[in-house]
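In order, the protein sequences belong to chains A and B.
With positions in the first sequence counted from 1, the corresponding number in our numbering is that position plus 746.
With the first letter of the second sequence counted as 1, position 21 gets the number 13 in our numbering; the numbers rise by one all the way through.
Hints are computed from structural coordinates only; laboratory data are not their basis.
Treat the hints loosely; a few may be bogus.
As the list claims (entries may be wrong) - Straight-line alpha carbon distances no greater than 20 angstroms define the calculated SDA-like cross-link-like pairs of lysine to any residue that follow: (1) A:K791 with B:R92; (2) B:K231 with B:P181; (3) B:K231 with A:R753; (4) A:K826 with A:I837; (5) B:K231 with B:P124; (6) B:K10 with B:R88; (7) A:K791 with B:R88; (8) A:K790 with B:N67; (9) B:K231 with A:L770; (10) A:K790 with A:K826; (11) A:K790 with B:F71; (12) A:K826 with B:I127; (13) B:K231 with A:K826; (14) A:K791 with A:A752; (15) A:K791 with B:G115; (16) B:K10 with B:I57; (17) A:K790 with B:R92; (18) B:K10 with B:G51; (19) A:K790 with B:I57.
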Amino acid sequence: MLEQIARVMFWLCVGEIAARSGLLPLPAPVTGLILLYAELAVRKKLPDDLGILADRVLQFLGMLFVPAGVGVIAYLDLLKAEAVPILVAVIGGTAITLLVTAMIASRLGSARAKIEPRKPGELEELARDVST
Amino acid sequence: MSALSHLTDLTWAGLAEKPVLETGATVFAFLAATRISRLGGNHPLLNPTLLAIILISLGIEATHIPYETYLRGANTIHFMLGPAVVLLAVPLFRQRATIRASGRLIVVGLAAGLPTGILSAVGIAWALGASPQTILSLAPKSVTAGIAVGISEQIGGLQTLTIVLVIMTGITGAVLGPIIARLARIDDPRVVGLTMGIASHGIGTARALQINEVAGAFSGLGMGLNGVLTAILLPLVCKLL
């Protein structure tokens, strides 16, 4: 397990170096995500411990946003002053996105797709992956 | 007496420097929020993150603790976000077979949904006279929160505002997604799931999983790919403008 924590921190550090040196205009964790995916794709196998670590941590991913979310208290006046544009943009924008994406994807996207049968236990895996 | 008060001072000084209380409060608030959410049948409106933010904010209000003190202490939890986002590679890797089998649908969905998600929000906010900072904070609203905060920082938005907007977007998508799919007469669970993941990230994915497992799988996929691609494209576009 320690090995897997080290693996995650290694790619995160590479991402941080790339971001700080101005090499990539990407948030460090996203670079880390891409590099970890690339490593797994090359290995063609997911180490068991890494899967367990991801399931455990991602289960409470939603908790990790709480401190930053609380910071919005400092901007309550801004939120109140711009409540109308913010609410219309979030609700209206999301409705438009849902409609446009669903219409285009169903018209142009479904031609050659096929559904793979699921392995037992895969639904549980998915449920664990879900988070904010 | 003075020895005792000196001792109390020391204890409090120690607590103030260590993030124990703030971290503990955050964990307990989130645990309570998860319980409340479960009691309500995990309804999207009872989002645990939003409930926990409200609980902590009320606590800060009641105890008159400056929120900066809380933020400094709760930094331990905020830090974990980085490694957690890297770990999102794992669910994405597990779904590589699905990506290959439905490549065309996924590419079309992303090509339509990614720009629409950004432009619709930015366009509406701009037309209604929102400030530039608010518009920039809104731009990554459809992206999963861990990635969205990074993008927001990169393009000059407010991270903390982005978090709240991301959660609001997720709740909206989770509530409206199935309704809009019904109105547009779209019943392919792959399309519905992918759409909800692209438009409303993890909160939409949790709702898509309640429709069925295929919708859930495509939603998780839409969320992950939309997050990574937006992180690559949005800062680039902002730089060019």
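Going through the hints against the structure:
no., hint, result
1, A:K791 with B:R92, "holds, 16 angstroms"
2, B:K231 with B:P181, "violated, 37 angstroms"
3, B:K231 with A:R753, "violated, 32 angstroms"
4, A:K826 with A:I837, "holds, 16 angstroms"
5, B:K231 with B:P124, "holds, 15 angstroms"
6, B:K10 with B:R88, "violated, 43 angstroms"
7, A:K791 with B:R88, "holds, 11 angstroms"
8, A:K790 with B:N67, "violated, 35 angstroms"
9, B:K231 with A:L770, "holds, 12 angstroms"
10, A:K790 with A:K826, "violated, 50 angstroms"
11, A:K790 with B:F71, "violated, 30 angstroms"
12, A:K826 with B:I127, "holds, 15 angstroms"
13, B:K231 with A:K826, "violated, 30 angstroms"
14, A:K791 with A:A752, "holds, 18 angstroms"
15, A:K791 with B:G115, "violated, 43 angstroms"
16, B:K10 with B:I57, "holds, 15 angstroms"
17, A:K790 with B:R92, "holds, 14 angstroms"
18, B:K10 with B:G51, "holds, 19 angstroms"
19, A:K790 with B:I57, "violated, 50 angstroms"
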